[in-house]
Each structure stands twice: as structure tokens, then as C-alpha cells.
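K.L.:
What follows is each chain in one-letter form.
Protein chains: 2
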Amino acid sequence: MPSTLKDVAARAGVHPSTVSRVLRGKENIPISKATKDRIYAAVRELNYHPDKTARALRLRRSDAIGMVIPNIASPYFSGIARTIDTLCNAAGFSLMIFDTNENQEKEIRAVDDLTSRGVDGLIVAPVQEEDKHIRDLVRENFPLVLVDRHFEDIATSAVICNDAESAYGAVKRLAELGHQRIGFVCGQPNLYPVVKRLEGYKKALSDLGLPFSETFVSVGDATLESAYRSAHSLLSLSQKPTAFLISGTITTLGAMKAIFEKGLRIPADVSILSFTDTMYAPFLRVPITTIHHPVEEIGRLAFALLEEQMKSGSGEKGKKQEIVKMTLEQRDSIAPPPADS
Amino acid sequence: MPSTLKDVAARAGVHPSTVSRVLRGKENIPISKATKDRIYAAVRELNYHPDKTARALRLRRSDAIGMVIPNIASPYFSGIARTIDTLCNAAGFSLMIFDTNENQEKEIRAVDDLTSRGVDGLIVAPVQEEDKHIRDLVRENFPLVLVDRHFEDIATSAVICNDAESAYGAVKRLAELGHQRIGFVCGQPNLYPVVKRLEGYKKALSDLGLPFSETFVSVGDATLESAYRSAHSLLSLSQKPTAFLISGTITTLGAMKAIFEKGLRIPADVSILSFTDTMYAPFLRVPITTIHHPVEEIGRLAFALLEEQMKSGSGEKGKKQEIVKMTLEQRDSIAPPPADS
DNA sequence: CTGTTAGCGCCTTCAC
DNA sequence: GTGAAGGCGCTAACAG
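Line by line, the protein sequences give chains A and B. For the first sequence, this note's numbering assigns the number 8 to the initial residue and increments by one for each residue that follows. For the second sequence, this note's numbering assigns the number 8 to the initial residue and increments by one for each residue that follows.
Some hints here could point you the wrong way.
[Stated by the list, open to error] Anything over 10 Å on all C-beta distances counts as not near chain A; from chain B, calculated:
id: 1; residue: ARG51
id: 2; residue: LYS59
id: 3; residue: MET103
id: 4; residue: ASP347
[To be verified] Using C-beta positions, here's what the derived DEER-type ranges look like:
id: 5; chain 1: B; residue 1: MET8; chain 2: A; residue 2: GLY99; range: 36 to 42 Å
id: 6; chain 1: A; residue 1: SER123; chain 2: B; residue 2: GLU304; range: 51 to 57 Å
id: 7; chain 1: B; residue 1: ARG65; chain 2: A; residue 2: SER10; range: 36 to 42 Å
It should be emphasised that the hints constitute simulated quantities derived from the structure, not laboratory data. Just so we're clear, the structure is a prediction, and the values are computed from it rather than from any experiment. For glycine and all other residues, C-beta sits at the position ideal for the given N, C-alpha and C.
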């Protein structure tokens with residue numbers, strides 16, 4: 008049994024509340040040096056560690072923040088989480104990270120779990136199949152910020168990226184190289200960033216006078232296999248794309264697999280330009296030209312937005328969306344299309 | 008303000024304890040159907056969610072498990088975490104993941120935080136610079152299992168890998184291809200697995216009649232830059248290694264960078280064999296021959312060991328070490344040394 | 001300067 | 001079948 012405030016008090020020959028006061032370090036309430044010393048001694052002797060559960064119950068405040076992300080193994084999300092973790096610690100909070108595995112039920116449970124354990128705020132990258140639990144949080148004015156993904160019809164704080172614009176720029180870049188048939192490959196198509204990327208892709212084609220065809224858009228799930236099948240079928244078209252805009256790191260690996268299996272070269276036969284830069288990108292079989300998320304900035308902004316809400320009581324006015332700019336990392340996976348295309 | 012048991016009770020016109028009984032679903036204590044229905048209705052109307060903080064305080068049990076890992080962005084650790092997360096959920100636990108960034112102080116704080124928040128058990132991959140906090144947990148018989156890393160002089164449950172043996176096998180393989188000068192590159196050298204790999208490396212050299220030289224061992228930290236410098240300096244030796252055994256994924260990237268910058272080819276000029284397989288390995292500029300950790304098995308065993316301790320009260324006999332076998336993933340980064348070496 | 005009191009939300013034992 | 005009482009460990013308000 009770990010020792011309690013009472014144990015320490017008994018040992019130091021004082022009342023528990025005195026121990027509490029000393030340990031909370033209330034400078035305005037004066038306490039005799041002798042008493043303090045006896046208490047500190049008792050704390051050390053008993054190896055006393057305050058019970059944060061009890062503290063949280065009493066204070067209705069836990070000094071903890073919950074983070075809910077779809078995939079802890081994704082360099083993108085874990086990068087954001089690590090930035091936030093550092094900021095949390097500096098500000099005296101603990102960060103509890105929950106993984107949802109892109110599963111809506113797990114996310115709902117995670118949010119419930121975290122709130123019912125009394126976290127002071129929540130940062131969520133939602134799965135976006137349902138939104139009731141998010142709406143509930145908003146209704147209760149619970150400090151919340153969404154990252155990467157967000158619901159356009161729910162007023163929450165959020166940090167999102169300029170996905171439409173970036174996709175637009177990527178397609179333009181490809182078109183400038185001479186590509187006329189540009190495919191789009193993605194995982195789960197319902198996610199906000201993916202929706203936006205597709206929007207940007209379509210708008211660019213239209214602005215550039217390139218035809219849009221549904222057959223060049225291939226949708227799947229978050230797995231490598233799914234992306235492999237997507238790319239494979241696009242490459243089996245008689246008039247196949249000469250370039251791909253790809254949404255997601257794992258999706259990119261799946262597409263690469265399909266391209267190489269078809270005996271095609273990157274970028275000589277097919278160009279690929281891929282959302283989500285990782286530290287692996289420069290070391291891949293072909294160093295991939297990617298669109299890079301400013302991970303630290305996302306984390307910083309998310310934490311700042313959350314802090315604001317936690318302080319202000321998160322009224323209506325506290326809800327802000329920050330849009331963050333991504334950058335193109337030029338590497339070796341794009342080039343003009345083959346001459347005979 | 009979220010609603011409480013008392014609110015629900017008031018609304019249903021019963022006593023709080025009755026609500027508690029109904030919600031805990033104690034089948035042995037009979038409660039009239041009518042009362043139950045009123046209570047369930049009130050729960051729904053008030054959107055009642057039990058306060059897990061209060062529950063944990065009362066029950067001295069939180070149905071939560073803490074996991075403390077050095078780097079959430081590492082595919083290896085996050086893979087283990089995800090397996091454990093799934094098992095936890097199935098068994099009715101929440102998993103709270105804390106990232107230490109290989110920082111000993113953060114780890115100590117994380118362990119303290121988690122325990123003082125009442126988690127029922129802890130799975131830790133320690134930084135291994137200090138061990139007092141681990142010893143404390145053991146002394147208090149707190150359910151604990153170490154993964155990947157462990158302290159040979161502390162009796163804890165642990166899941167570790169056959170690192171020495173695997174390193175031995177890797178060196179043997181390289182020697183069989185004809186390599187006489189085999190370098191060893193690693194990050195933090197104090198970590199249990201690294202110590203063991205170095206042991207296996209040395210033993211293999213000795214058994215195979217190959218000379219061991221300190222100059223062929225290059226130690227650093229967990230960064231890509233450090234590994235780059237390590238490999239670079241080894242490759243600048245007049246009698247440079249023709250093969251490397253590399254400990255760690257990021258270390259491998261750093262080494263690759265140095266090798267390519269030197270204008271050397273893998274495997275024609277230098278072979279590399281690398282600890283820690285990832286999903287990226289097959290897609291790298293040269294598909295890397297790696298040693299693969301059975302991530303799911305590690306997670307499964309860790310959770311099983313923890314469950315055992317949580318049930319049995321984690322007495323002396325509950326402490327077990329499981330040793331898990333890694334496998335060599337043959338790809339294209341090893342070959343006989345160049346003829347003129 | 002320090003002790004007393006009350007209660008955060010919940011669950012369990014004991015009544016009836 | 002259900003209510004009442006007590007307390008998990010802690011802190012804040014009020015005494016003195």
C-alpha cells in the first residue's frame with residue numbers, strides 16, 4: 008500500500024491539511040520552518056507520492072490532456088503527438104495518447120474514457136464516420152481541438168492543412184512537365200484532407216483544360232494492399248496515367264510496388280508525387296517528391312488553441328481554425344512523361 | 008457540468024446506490040424491472056457517463072494500463088503498443104501511452120504519473136540510465152513488465168529478444184560470404200539489446216577466427232546524423248570494413264547516407280545487415296536485409312505477463328522473462344566483398 | 001501558524 | 001427490493 012497524506016501527517020505529528028498546504032507550496036499561507044522540515048522528512052521516509060486520482064476528483068482538474076489519433080505508427084501523427092507532448096510537459100500537463108486504429112468505435116470509447124477520467128482538454132484526429140461524440144463535446148463546451156481532419160459543419164477549434172491548394176499545385180506541377188493523364192490514388196476517401204485533395208485535383212484539371220475522368224481516381228482503405236490493387240488497376244488501363252498524385256505514405260508504398268511489378272520505371276515511365284513526407288522518403292528506391300506537413304507547427308498551434316480554450320472556458324469566440332501551409336519537397340520521382348505517351 | 012449518479016437517482020426517483028447497483032449490473036442483487044427501466048431512461052436523458060476518476064478512487068482500480076516507450080514514432084515500439092492496445096481493449100482495459108523521447112527524467116515522471124493516476128499495471132521500455140524508479144515498483148510488487156530492454160540485476164517480468172544470438176548469426180552470415188572486416192554501428196550503447204548485440208558480434212568474430220578491433224565499433228546516439236558520422240569515419244579508414252552490422256533503423260539510414268556519399272554501392276562495395284525491420288525496408292534504395300522483431304508476439308507476451316501479475320498479485324513467482332526469436336529477412340544488401348579488398 | 005470540517009462522485013456493507 | 005451510511009485521498013474554506 009502506498010502511503011497517504013494521513014500517513015505523512017501522522018509521522019510528522021501534524022494534521023493532513025497542513026501536509027497538503029506544505030506540499031502544494033502555498034507561499035501566501037505561512038508555515039513554520041520546523042513543521043515544514045518534519046513534513047519533508049516524513050515524505051522522504053515514507054516515499055510519499057500524492058494520489059493524482061484523488062486530487063483530480065477533488066479539484067475537478069487533472070493536469071492531463073488526452074490525444075486521440077488514428078495511428079500511432081504513422082510518422083505524421085506521432086510527430087504531431089511528440090511536439091504536443093513536449094509542450095504539455097513544459098506547461099505542467101501530462102499527455103495521454105490513445106490509438107484508434109482508424110476505428111470509429113474505438114475513438115468514441117477513447118474520448119469517453121479520457122473525459123470520464125477527467126482530462127482538462129482533448130486533441131483529436133477523428134475517424135470521421137460519426138460525429139455525435141464530437142458534437143457532445145462542443146455542446147458541453149469541453150476544450151477540444153481537432154487536428155488534420157475536421158468537420159466543416161461543427162464549430163470546433165482545428166488545425167488543418169491547405170490540402171486543396173497543395174493538391175492543386177501538385178497537379179499543376181505535373182501538368183507543366185507535360186502530363187495529360189494524371190491519376191489520383193487514395194485510402195479512405197471520407198477524410199477531410201482527402202476530400203480536399205480531390206477537390207484541388209479536380210479544380211486544377213479543370214483550370215488547366217485537362218479532362219477529368221472517374222476512372223483515373225482510385226479509392227481504397229488505409230492498407231498497402233489496397234493501394235497496390237488501386238495502382239495496379241489504373242496501370243492496366245490501355246490509356247493509363249503517366250503520373251499519379253498519391254494521398255498517403257502507405258498508399259505510396261503500395262503504388263510503388265504495383266509500378267515496379269509492372270516493370271515500369273519512376274520517373275521515366277510514370278511520375279509519382281505523394282502526400283506526406285517522412286524521413287524515409289529520401290532513402291526510397293526512388294527518392295519521392297512529396298508534400299511535407301509542418302509537423303511541429305501543427306503541434307504548436309494545436310496546443311496553443313487548446314490552452315486558449317482551457318483558460319477562457321472555451322466559449323464561442325474561442326473556436327478558431329488555423330490553416331497551415333505545406334511545402335513541396337522536390338526529389339526524383341517526377342519528370343516529363345515518356346515520349347510515346 | 009456533466010451529470011452524476013445523484014442526478015440520475017433524483018430523476019429516476021431512487022437512491023444513488025440503487026443506480027450504482029443497476030449500472031454495475033450486479034445480477035445477484037435483484038432489482039425490479041420498473042426501477043431499472045426508470046434508471047436507464049434517466050441515464051439516457053441526462054447523457055450520464057460515470058466518472059472513472061471517482062470510480063478509480065473508490066475501487067483502488069482503474070481498468071487502465073500504462074505504457075511507457077522511448078519513441079512513439081518508432082515503428083517497432085508503436086507496433087508493440089498497438090498490439091497491446093488491442094489486447095487491452097478486448098480485456099476491458101484502456102491503454103495510456105506515454106512517450107519519453109529516450110529521456111530518463113521524462114520516463115521517471117511518466118511512471119510516477121501513471122502510477123499516481125492509479126493504473127493497474129505498467130509496460131515499460133526503459134531508457135536504462137537509472138533504475139531506482141523500476142526498483143521501487145518491484146519493491147512495491149507493482150504489476151510491471153519490461154519490453155525490449157531489461158535490467159539483468161532486477162527481477163522483473165520482461166519480454167526480450169535473442170539479440171546476442173541474432174547478431175552472432177548475422178556476423179556468421181557475413182563471414183560466410185567472405186567478409187573479414189565487419190563493422191558495428193549503433194546508437195546509444197548502454198541499452199540492453201545493443202549490449203547484447205555487441206556481445207554476439209564479438210563472440211562470432213572470435214569463434215570464426217576473425218580479429219576484433221575497437222576501431223570497427225562506432226557508437227553514437229539515436230540520431231541519423233550521429234550514425235552518418237559513425238559510418239563516415241569507419242569508411243574513411245584505410246583498411247575499411249567491407250560489411251556493417253547496424254543496430255537500429257535510423258542508424259541504418261544514416262549509414263546508407265554515408266555510404267552513398269562516399270560513392271560506394273550496396274552491396275557491391277559494402278554489405279549492410281541491419282537490426283529492426285520496418286515496412287519501408289523493402290522499398291529502400293537498396294532493399295535492406297534486416298533482422299525482424301516479431302512485434303505481435305512481443306506485445307502478446309508482454310500483455311500476458313502483465314495480466315498474470317495483475318491477477319496473482321505479482322508475487323515473486325510471477326516474474327518471468329520471455330525470450331523471443333527474431334528472424335533474418337533476406338533482401339539485397341549483402342553480398343561477397345569486392346575482389347580487391 | 002495550524003486544526004476542523006466538508007465534500008468531489010462513486011461503490012459496498014449493512015439495514016429494513 | 002431499496003435506502004442509509006461511510007469512506008477512497010485529497011484540498012479549500014473557515015476557525016481559532
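K.L.:
Does each hint hold? Answer for all of them.
P.N.:
Status of the hints after comparison with the structure:
The beta carbon of B/ARG51 is kept farther than 10 Å from every beta carbon of chain A, the shortest such distance being approximately 13 Å. Distance to chain A contradicts B/LYS59 as a non-interface residue, since its nearest Cβ pair spans about 4 Å, not more than 10 Å. Its closest Cβ contact with chain A, about 5 Å, brings B/MET103 to no more than 10 Å, contrary to its assignment away from the interface. Every C-beta of chain A lies more than 10 Å from that of B/ASP347, the closest at about 28 Å, which supports listing it as non-interface.
Remark: the range hint 36 to 42 Å for B/MET8 to A/GLY99 is contradicted by a beta-carbon distance near 24 Å. Between A/SER123 and B/GLU304 the Cβ separation comes to about 33 Å, which falls outside the hinted range of 51 to 57 Å. Range check, B/ARG65 to A/SER10: about 19 Å between beta-carbon atoms, so the 36 to 42 Å window is missed.
Checked against the numbered hints above, the structure violates hints 2, 3, 5, 6, 7; every other hint is satisfied.
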